Amino acid sequence: MIYREAGQFRTTYAADTRIFPIAQDRLGMALLLAAAFVAVPFLASEYALTALLIPMLVLALAALGLNILTGYAGQFSLGTAAFMSVGAFAAYNIQLRLPWMPLLVTFVLAGLISAGVGLVFGLPSLRIKGFYLAVATLAAQFFVDWLFTKVGWFSNYSSSGVITAQRMVIAGVPIETPERRYLLVLSIVSVLALIAKNLSRTRTGRSWMAVRDMDVAAEVIGIPILRTKLTAFGVSSFYCGVSGALWAFAYLGTVEPQAFDLQRSFQILFMVIIGGLGTVMGAFLGAAFIMLFPLFLNWLFHALVRGEVRPGLLSQLELVCFGALIIIFLIVEPLGFARLWQIAKEKLRLWPFPH
Amino acid sequence: MRTNKRGWCLGAALTVGLVWSGSARAEGEQFMPVPSYRIGPYAAGGTSLYGGFIDYMNLINMRDGGINGVKLVWEECETEYKPDRGVECYERLKAKGPTGAAMFNFYSTGIAYALINKATADKIPLVTIAHGRTDAADGRYFPYVFPLITHYWSLNTDIIRYIGQREGGMANLKGKKIVHLHHGSAYGKEPNAIFQKQAEKYGFEAKIIEVPAPGSEQQAQWLEIRQFKPDWVIVTGWGVMNPAMLKNAARVGFPMDHIIGNVWTGSEEDVEPVGAPAKGYISAAINPPGKDFKVIQEIERVVYAAGKGNMTDKNRVGSIYYNRGVLTGIVAVEAIRVAQGKFGKKPLTGEQIRWGLENLNLDASRIAAIGATNFIQPLKVSCNDHEGGGAAKFQQWDGTKWKIISDWIQADKDLVRPMIEESAKKYATENNLPLRDCGKEKS
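These protein sequences, in sequence, are chains A and B.
Each residue of the first sequence is one higher than the last, beginning at 1 in my numbering.
Each residue of the second sequence is one higher than the last, beginning at 1 in my numbering.
Looking at chain B on its own, in the form it has when it is part of the complex:
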């Protein structure tokens, strides 16, 4: 009995000691929280997304010695893609490091929604690349939320424009039938509004079909699609829904090259389980797959050659989600760099980095300097517009890999922007949010 007790005490003391030593951090470091999801139904996406993100931060540290000498440090926290765990991770990580968390990127719409008010109150930017709350692109009401690069509405107009191209002009969309098949969650519902708006504008017949989460059962939905006989099917899918969608489409004999997924419905993980029947399937992409980019080659040369790579399965380096993680890293690092230009080369607070995000301007020459030509689209963020880009490329699965088949297709901003402003305003009146005057905030 006695020895047992002593053992317990020793264990407890050891634990406390280790925790103590682990939490000590040097002063000149910028802390970046990594709220990853490596288990649960969406683990395949999360592992690559955050693997790429960490690898890029490692590249900056190992090759350049940090951002202008300020090293990046990070800590992971498992969110399982769930809002409650995400909130816990946010609270756990937000005050770490000498200046607190630089920015959060959860890659989960549910978590992003839950943290908009908290992050704004804590003055920590919430970056929601191609996910999250769409109308947060109106930076006048959402100063701390950044749906950078694209969001669900821009993306939906990209897809409709691409369909227009394939039909030989937007005018030819009149009278066509298009189905929006979506995941039964906040994420999946988000594009419906803009989809219907475009149906009015271009005169195509729109039908919205929901797949209850998680989306592995779709027989009924595809029966409905077969009865409706659409010309095109747009899919907003995620995780297990995607391979199930392709299998069911193949079963009812729907032509693969008339199904277009959004950026979360077009990864290797989505098509590989389906195999040959998925050949010809098209999806939108904000980042291309593959390793033909200097930034990915640099990661392999510097990080993986030294055995510091984050991916256990090295074949996933260069996959869609991995590259998206690298893209996330590029945007984060560049925003910190911009902020350092104004506030000095030292660890910065979330409030200062927010300024960096808002004044981020990635033009062709800067993109080339990073080694990301054709990897990332030009990005110009402003107080008014927290999205910055809005374009997407389209890619087709050739049975073994994704192949880019279009140039950047720009979003229909004339259609999207008024809707965003209207929606943001409605949210602001519901929640008594103040309106920023962007004219006054010229750096």
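Isolated chain A (complex conformation):
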């Protein structure tokens, strides 16, 4: 009843190619953004901002990056954390060695450096496919970890190999309070998400999807495979690199190479799978689920049986519950949260007269 497009006519070509063709969607998105930008910083506690929202947004950005590569272009990768690591270390070194560089430019440069590394590790994708490619991208994971541990220059010869991100200042304004850090992360993530959404609707995005669906057919209709695959690797690594830089600067404040280990890559891969391959929204929903749900379980279990069950057992129960939920969810809806959202929208269109 309320969610219906009857009466909304698209009279121009531009109106037809909008991201949200339905007015209600536009309104919903505007409300969501307004809430995220205005209401949340005022209402959310410091805990919610620094321990939940900031890491969730940063990981959502990384998931978005992986989604471009895996969801849109169909190339498996287990090197996500490595590209995040490159971004974090690049941003640190740029700020350290070129202190006059504006912070936002630093993040972009860190993303570009990461994109460069991504291109190199994307080269094998031209010859190998599927799970074999996933194994090949593992090399990135181990190589980057090894490089940053072995070569002291990257961590400015810190005795422990841990780098401490510099303080963030944009145009003279220090970004130190949780609210400011949250707004910075939210702005960067929003802009990059918008770009990703648009990218997926352009020629580039369509050629990614063509390659994903069948690369031979794509080549036959004239899509250059080499360029398509490599742009996917480059753009994906750019997103991961920026996300890594944000992880270091806006969230943890320090980075040790082990912070971006294989487990992080898997975590992000699960976000993409649970959220929904090949959707922008899926990255956010997946990040929220993988990142926040264990904390919610932890909080719930503590509240329910505080002091009655051994804490060690409790922590293990949480893992069991979380694992079981993932399995149940993947059986019920293998296409992820984004698909559930889509189904909900379709149902809503017909509501309350489904027949």
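Any given hint could be a false lead.
No more than 27 Å apart at the CA atoms, straight line, and that leaves these computed lysine-lysine pairs for BS3-like [unchecked claim]: (1) B/Lys346 - B/Lys71; (2) B/Lys71 - A/Lys150; (3) B/Lys201 - A/Lys150; (4) B/Lys123 - B/Lys342; (5) B/Lys176 - B/Lys207; (6) B/Lys197 - A/Lys150; (7) A/Lys150 - B/Lys247; (8) B/Lys308 - A/Lys150; (9) B/Lys176 - A/Lys150; (10) A/Lys150 - B/Lys229; (11) B/Lys123 - A/Lys150.
Worth flagging that the hints you see were computed from the coordinates, not collected in a lab.
Here the structure is a predicted model, which means the values were calculated and not measured.
Based on the hints, put chain B in the right spot on chain A.
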């Protein structure tokens, strides 16, 4: 459908109600966060460390009715030893209780690193006993970080001095070959700088070999060690790396009594899986194992007799990590006691407890009063020196238990301190940290 919905509502209401009742706390209590790790690869250590810590706080509550009448309350949060979960736990627990968290002790170098700036801004002390950022021992730049008792650099000099003793004098180290085998993490790399400095000073040939985390694969490293033919191997290991290290050493036939682990490479959990081949292996210790101490016996008498003990496996009471947890409890409680002497017998803020930590002075008589003679080393913390002790004992595995084989061996402070000051200063200039004037802060 309808009943189902009602069930959900009921469940949600119940949950909210329980959470509400759980978070209510009395006024006269001191809140102590317990960011433990009871699952994951390092769970064996975490369970005992935090079990001992909680048992000691229980002892203070049950026997003495708290610290000068102020009861300790605590809440656990699972960190899994990971920085991101640790930060979440920190944010979750830092404002609990009437005065907020008293102090944090994560027993994870990665988490400690991630929280130095946050804890300083929030004015909550970060206690990093025998772990964490070494140069934070310079309290002039790191007012809220306390690497109490010892840190990686002091510990490394303790070990080299012990080797010197065994060789019949430091002069005999000249020309010897010593390997530092370390865990491939921030923690493992930390001692390298001081190790090389000592190689210059004493003229031994140093070789650093890294084991990639988590450390279960070491064949290549031990092959390298066998080719190098060192006189001694120093190990900075953690978790699964340790038994793997001993197994590989036994396989290449390296003499066990020439391998020396640091304080995180010498627990029952590390040697028991290896069995007989580990016999003779030596490690450093900041706390002895066993129950021959009044404080441990008191815990058994008061806490475990009442069925309130935290350890499910009671055989672990008196193990190395358990005793280290008790040691953590002693230091925390004594620091709060010192702070209460200045600010009054009531729940204190992190800022006030920081003062207590900085003015902590555990001398022999106080240690005896706690019932911890020979259990903890004398400790005198100051604005300048946030470490306080620096000594270690050495222990040897006799096949069934650890046996202390040395007295407290003091750290080479003349060597360590200038390096700490230099490193802290470099960090401070990188991060624009102010320098405190310790002369002005005489209580």
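Q. Given the hinted pair B/Lys346 and B/Lys71, is their alpha-carbon gap at most 27 Å?
A. Cα-Cα ~9 Å, so holds.
Q) Quick one, are B/Lys308 and A/Lys150 close enough, alpha carbons at most 27 Å? A) violated (48 Å)
Q. Has the given pair, B/Lys176 with A/Lys150, been kept, meaning a C-alpha gap of at most 27 Å?
A. OK: B/Lys176 and A/Lys150 at ~26 Å, within 27 Å.
Q. Given the hinted pair B/Lys71 and A/Lys150, is their alpha-carbon gap at most 27 Å?
A. Given that 27 Å is the threshold and the Cα spacing comes to 48 Å, the pair is violated.
Q.
Can you confirm whether the C-alpha distance between B/Lys201 and A/Lys150 stays at or below 27 Å?
A. It holds: about 25 Å lies between the C-alpha atoms, which stays within 27 Å.
Q. Quick one, are B/Lys176 and B/Lys207 close enough, alpha carbons at most 27 Å?
A. holds (11 Å)
Q) CA of B/Lys123 to CA of A/Lys150, is that 27 Å or under? A) The hint is violated at about 35 Å.
Q: Decide if the proposed pair is consistent with the structure: B/Lys197 and A/Lys150, CA atoms, cutoff 27 Å inclusive.
A: This hinted pair holds, its Cα atoms lying about 19 Å apart.
Q.
For A/Lys150 and B/Lys247, compute the direct alpha-carbon distance and say whether it is at most 27 Å.
A. holds (26 Å)
Q. Hey, A/Lys150 versus B/Lys229, does the alpha-carbon distance stay inside 27 Å?
A. With Cα atoms ~23 Å apart, A/Lys150 and B/Lys229 stay inside 27 Å; holds.
Q | 27 Å limit on alpha-carbon distance, applied to hinted pair B/Lys123 and B/Lys342 | A | Roughly 18 Å between the alpha carbons, so the hint for B/Lys123 and B/Lys342 holds.
Violated hints, listed in ascending order, are 2, 8, 11; each of the other numbered hints is respected by the structure.
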